[in-house]
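Keeping their order, the protein sequence lines are chains V, D and U.
Taking this note's numbering, the leading residue of the first sequence gets 112, the next gets one more, and so forth.
Taking this note's numbering, the leading residue of the second sequence gets 112, the next gets one more, and so forth.
Taking this note's numbering, the leading residue of the third sequence gets 112, the next gets one more, and so forth.
No lab work stands behind these hints, which were simulated from the structure alone.
Nothing here was measured: the structure is a model prediction, and the numbers come from that model.
Please note that the accuracy of each hint is not assured.
Identical chains blur together in the list; that is why a pair holds if it fits in one copy or across any two.
[Unchecked claim] Straight-line distance between alpha carbons at most 25 Å, and here's what the computed DSS-like set of lysine-lysine pairs gives: (1) K248 with K122; (2) K246 with K122; (3) K246 with K148; (4) K191 with K122; (5) K248 with K148; (6) K148 with K191.
The lines below spell out each chain.
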Amino acid sequence: MTQDMSLLIAKQHVVYARCIDNGDYEDWPYFFVEDCKYVVTSDRNHREGLEAGIIWADSQAMLIDRITALRQANIYEFHKYRHIISHPYILSDEDGEVRSETSFMVVRITRDGPMDVFAVGRYLDHYQVSDGNIKIKERIVVCDSSHFDTLLVIPL
Amino acid sequence: MTQDMSLLIAKQHVVYARCIDNGDYEDWPYFFVEDCKYVVTSDRNHREGLEAGIIWADSQAMLIDRITALRQANIYEFHKYRHIISHPYILSDEDGEVRSETSFMVVRITRDGPMDVFAVGRYLDHYQVSDGNIKIKERIVVCDSSHFDTLLVIPL
Amino acid sequence: MTQDMSLLIAKQHVVYARCIDNGDYEDWPYFFVEDCKYVVTSDRNHREGLEAGIIWADSQAMLIDRITALRQANIYEFHKYRHIISHPYILSDEDGEVRSETSFMVVRITRDGPMDVFAVGRYLDHYQVSDGNIKIKERIVVCDSSHFDTLLVIPL
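Same shape as in the complex, but just chain V (with noise of 0.2 Å):
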């Protein structure tokens, strides 16, 4: 059975969701393909073209780098994310290049507070998806708000 495209896409967001959720930090960056691009920004900058953002990643490598920060640190409040998701939208899907966007939700947790709505927004993703094997090319948070907390430490 040819399973359809956005199913696939779905599937592969709760995998990678579930990563983070449940706190496998460093297993995130193999979800990238080596020579990936991984950028967090806001609907603002992004409408602008400004390609800054508040993450901005060109490597795998630099994603391992990040985790490897975070961890050692360990100075950062104690919090860990819920991600909601929402069906992708299939924009393209030709020889196993696959672009789609997403509507995202993620509430955070914390310690000894309350959990609120973190952040909304939209993953534009590129994959590369070959028998069943996807891995992302290039993920672009977009995050609704531009008002970014300042302990966005954890991947979204």
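Position chains D and U relative to chain V; hints supplied.
Using the frame of chain V, we list chains D and U on its own:
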């Protein structure tokens, strides 16, 4: 391959939400047939059988007028939405007439304020499906809360 | 057509959530087999292997009792839920025994107050699937936060 109907409707919800969340309001009326019904109401009103809602329209032309007014007035405080939508529940599916119920959450993003959960509820939909083409004949947006913000200018 | 198992479980989550969100609490116990387990706990307790949760039941009869108590007491402040559920992750699927993990968010709506994010977390489920019929053998509702509202009378 025969498409699973709930998956087809899930994809349609995403296209609809993307139109609104990306601010392409002029495209919104064309998700509906010309002789459509679009109502936004509260769960209490809906249970009591009250027709009057916060928004009530019975033609595509009224939806087009609504967007024109929204653009021309342009006096509303800047805000935008982000929809997060659960998987649809198919109530019936006969001869291209599909009825479904789908839970949604809308987060509102304002220019200088925080994000807030603006609305939660369910879409009660009646679709006309033919050859992969889907149009809304009726959408009743039943919001769980009876407390409505007067800022409801962007369609849900 | 062989149904994708994650899609089948997604549809089951929607039927379950709809039952609760629409207030049809009497139907809720029948999503479970008679000899079921239903637990609501926190992530911290779950990680530490503590069995005791906020709710603990090991039979459908206990779930029925719980609903009867909820209806008879009827002294709780009016409130209702809206579930928003991500796509399920299938942990295993063998001989009709399916295990999955699914992220959820529950928004609580009170009569005169605002909406709030009541709970986020994940369902750890064990289903019995046969001929399209799905029953829950075990559901562990792992809430991310350890701060529980005493108002937890409606099942999650």
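Now for the hints, and whether the structure bears them out:
no.	hint	result
1	K248 with K122	both (17 Å within a copy, 24 Å between copies)
2	K246 with K122	both (13 Å within a copy, 22 Å between copies)
3	K246 with K148	within (12 Å within a copy, 37 Å between copies)
4	K191 with K122	within (21 Å within a copy, 28 Å between copies)
5	K248 with K148	within (6 Å within a copy, 42 Å between copies)
6	K148 with K191	within (24 Å within a copy, 27 Å between copies)
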